[in-house]
Amino acid sequence: RKEVEQDPGPFNVPEGATVAFNCTYSNSASQSFFWYRQDCRKEPKLLMSVYSSGNEDGRFTAQLNRASQYISLLIRDSKLSDSATYLCVVINEKLTFGTGTRLTIIP
Amino acid sequence: NAGVTQTPKFQVLKTGQSMTLQCAQDMNHNSMYWYRQDPGMGLRLIYYSASEGTTDKGEVPNGYNVSRLNKREFSLRLESAAPSQTSVYFCASSSNPRPTDTQYFGPGTRLTVL
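Quick note, the sequences are listed as chains A and B, same order.
Heads up, the first sequence is in the numbering used here, so the first residue is 1 and it goes up one at a time.
Heads up, the second sequence is in the numbering used here, so the first residue is 108 and it goes up one at a time.
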């Protein structure tokens, strides 16, 4: 089993819809989690951290489910500018990137 | 404040040629990293430098060398390029080497080895 797994997508979602995707991790000792955003042919940029209690930043909500070993990212009222690849990052002794989930928002 | 800069943006090499990828950061960060990104695979760490004067191997160091020239600059060298090294290379930096410290990435170098 891979350390970090993401559905590669693509997720094609109409503008204004809500979309959610998950990232599973294999190491139960993993301590910290992040979501990065990567636009086409650009560098990854930190989107948000994932806290045990969950956290929200505007239209974005990140949650952690330790029992089932996954993190999730929910985007409400999606905008065209949300089109990107979303990378999850899982940290135990080292930092491991997922392969990313590609999201396209359709007008 | 440019953040993390990388040169060149694109490069095509023939098998066996050598080249150096340059990276510089102006955020006064202690730690710097080199990653490669290939289709279907997550970013993989090649080498990192926790602080000026130190370098360590990451997950995929074979075929590469690095130099932490000073606090700002961290270069990656391919001594004898191979087609398997065709990839997008990202340099990153962070305040400190803790894995939880936010890493800031450069724009990447797209390398093709023929």
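Derived from the structure by calculation, the hints contain no laboratory data.
Please note that the accuracy of each hint is not assured.
Claimed, not checked - Straight-line C-alpha distance at most 25 Å; calculated SDA-like pairs for lysine to any residue:
id: 1; chain 1: A; residue 1: K94; chain 2: B; residue 2: S158
id: 2; chain 1: B; residue 1: K164; chain 2: A; residue 2: S53
id: 3; chain 1: A; residue 1: K45; chain 2: B; residue 2: R151
id: 4; chain 1: A; residue 1: K45; chain 2: B; residue 2: E186
id: 5; chain 1: A; residue 1: K45; chain 2: B; residue 2: D208
id: 6; chain 1: A; residue 1: K2; chain 2: A; residue 2: G58
id: 7; chain 1: B; residue 1: K121; chain 2: B; residue 2: T193
id: 8; chain 1: B; residue 1: K164; chain 2: A; residue 2: I91
id: 9; chain 1: A; residue 1: K94; chain 2: B; residue 2: R184
id: 10; chain 1: A; residue 1: K45; chain 2: B; residue 2: Q118
id: 11; chain 1: A; residue 1: K45; chain 2: A; residue 2: S26
id: 12; chain 1: A; residue 1: K45; chain 2: B; residue 2: K164
id: 13; chain 1: B; residue 1: K178; chain 2: A; residue 2: S26
Here is what the structure says about each hint:
no.: 1; hint: A/K94 x B/S158; result: 17 Å, holds
no.: 2; hint: B/K164 x A/S53; result: 35 Å, violated
no.: 3; hint: A/K45 x B/R151; result: 16 Å, holds
no.: 4; hint: A/K45 x B/E186; result: 30 Å, violated
no.: 5; hint: A/K45 x B/D208; result: 13 Å, holds
no.: 6; hint: A/K2 x A/G58; result: 31 Å, violated
no.: 7; hint: B/K121 x B/T193; result: 11 Å, holds
no.: 8; hint: B/K164 x A/I91; result: 18 Å, holds
no.: 9; hint: A/K94 x B/R184; result: 24 Å, holds
no.: 10; hint: A/K45 x B/Q118; result: 23 Å, holds
no.: 11; hint: A/K45 x A/S26; result: 24 Å, holds
no.: 12; hint: A/K45 x B/K164; result: 23 Å, holds
no.: 13; hint: B/K178 x A/S26; result: 35 Å, violated
Consistency with the previously given hints fails for numbers 2, 4, 6, 13, ordered from lowest to highest.
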